[in-house]
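K.L.:
So you can see what is in the structure, the chains are spelled out below.
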Amino acid sequence: MIEVDALSKVYPGGVEAVRGISFAVEPGEVFGLLGPNGAGKSTTIGMLTTTIAPTGGFARVGGHDVLRDPMAARRVSSVVFQDPVVDRSLTGRRNLELHARLWGSGRDRIDGVASALGVGELIDRPVETYSGGQRRRLEIARALVSEPRVLFLDEPTVGLDPRIRAELLGTISDLRGRRELTILVTTHYLDEAERLCDRIAIMHEGRIVALDTPTALRDELGAEIVELRIDGDGSSALARLREHGVAGSTAFAVGSTLTVPLMQRTAAATLAEIELLRLPVTSASTRRPSLDDVYLRLTGGRLAEAA
Amino acid sequence: MTAAIATLAGRRFTLTARTPRELLVPLLTPALFALVIAPALKTALHTPASYESYVALGTVGLLVPLNTLFLGLGVIVDREQGAQRELLAAPVPRALLVFGNLIVAVAITGLQIATLLGLAVARGIHFHATAGGVLWFLGATAGLTVAMYGVAEILASRIPRQEEYIARLPAIAIAPWFLAGSLFPITAMPIGMTWVARFLPLTHALALMRYGLLGDGAGLHNVWKTNNLHLAASLSLAVVIAFGALLTVGAVRVFTRAAMR
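So the sequence lines, in the order shown, correspond to chains C and G. Counting in our numbering, the first sequence tops out at residue 307, every number present. Counting in our numbering, the second sequence tops out at residue 1261, every number present.
Read the hints as simulated data drawn from the structure, not as lab findings. A couple of the hints might just be wrong.
If we take Cβ atoms under 7 Å as the criterion, some of the chain G residues that face chain C in the derived model are [what the hints assert, rightly or not]:
#1 T1007
#2 G1082
#3 A1083
#4 R1085
#5 V1092
This structure is a prediction, so every number in the text was calculated from the model and none was measured. The beta-carbon is built from N, C-alpha and C at its ideal position, and this holds for glycine as well.
Using the sequences and the hints, build the whole thing.
P.N.:
What follows is the structure, encoded as structure tokens:
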């Protein structure tokens, strides 16, 4: 449903926002682009929604080349933008009607979609009276009115308070059940990506550095990891652990923190071996690996900090 | 295509109607000139009654640029706080966004001109309109409106913030008005300025309006130096239409380029 091949974007001035990314999204799949601000996620969505011109590669949305046939690509897709993009002085209904008329379908679905998204009661009020969460729901309702085959959600929960964010995640999660709706969502929230997405592409500095299901990405680090705080440079400690076979290729160091996936070893045995090496460890703990660990290993930076 | 442009124009009209500022503010200064300043000059300087009519039509040349440039603000508001990106993601040619706005600009400017002239007539100012004259007048005002809205769209697409846009309005909307024969014939100015005025599309539009509604061909004669007023009117109308077409094409190009980053 979405095909992206060697897609790139260099902005005037030479900023390489997207560097030759490739992926494919199957019909009905929820696909996540995960990465911090500046990773190239929104530029990728911009190219797929034909508001940003690619400088290399190609992309198809619903089988339509976004460069050669942008109107057809736009006809089968809808987008919910990162920032509010709505006529605030108009009513919710008028905003939805406008979308339905421009996309040429869906006027008879306005009330149903608005009710399903929890804004049925507000639909005849000016949007300027809506809360942030209500406005976001309205924007999602608007995007769904024309029954798109592809829905782009660009950071759909950014800027919302935790309660509204949780509610909205539930709403978006419910969209997964819709037949024939393919969703591409960008986010820098790990929990959001894990909860919503069938597959995730981790983006870093314009490139895709990993692409798989959330479970498979986590499984690369095994079932459990040991996290060590070192008094000094973590990389030299990591080198010693590797030298003695305590850490494998999946272990990594960021600053003074060492993360050692246990893989087939036990925590007790690993900690005992570390003690024998007399490394300047100030604290040690074990836990299950998270997507943040995966991101950290691939990029050398924590997603929450980078975002 | 027709449904899409009707939808876009309907949206723009609704948004504009919800901001009365955009409708009233541009009308104030021209109305002041036509209804207060011209009659006051007549009393103070003993100008003939025809001068009131002359100035009343001259103020149309101020109303059109002011109104269209104020309407251009809506494009910046749309981009900063409105639904412009949603419209850019819609399956319609992006040029239609400009044409939808243009339709509303022409309609609202037409209403304002009618209001201004209605007020002038109510104030006792006389026009000598014939059916043919009204057509010259309509051609001139429509062409000028299209052209000035093109200027507004180009500026709005190229200028990032409302404050910067507003700061440029006086230079674009008001300065040419003083040179274009609005309050006095262009031949009353130094010869160099008269030559500059001959190249201003606003000069041609105002000369046509007076030819149409007052039967006064002096403005056209001053521009073309011919006594064949019908020919002069045709040439001036061609200038205004060409100016409008050029700026509309420019507006569409600038808007669509600015829309694609």
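K.L.:
State for each hint whether it applies.
P.N.:
Status of the hints after comparison with the structure:
Interface restraint check: T1007 of chain G against chain C, minimum CB-CB distance 4 Å, threshold 7 Å, status holds. Taken as an interface hint, G1082 of chain G checks out: its beta carbon lies about 6 Å from the nearest beta carbon of chain C, inside 7 Å. The criterion of a C-beta within 7 Å of any C-beta in chain C is met by A1083 of chain G, whose closest approach is roughly 5 Å, and the hint holds. Using the Cβ-Cβ criterion of 7 Å, the hint placing R1085 of chain G at the interface with chain C is satisfied: the shortest such distance is roughly 5 Å.
With 7 Å as the threshold, the beta carbon of V1092 of chain G comes within range of chain C, its nearest partner Cβ sitting at about 6 Å, so the hint holds.
The structure meets every hint from the earlier list without exception.
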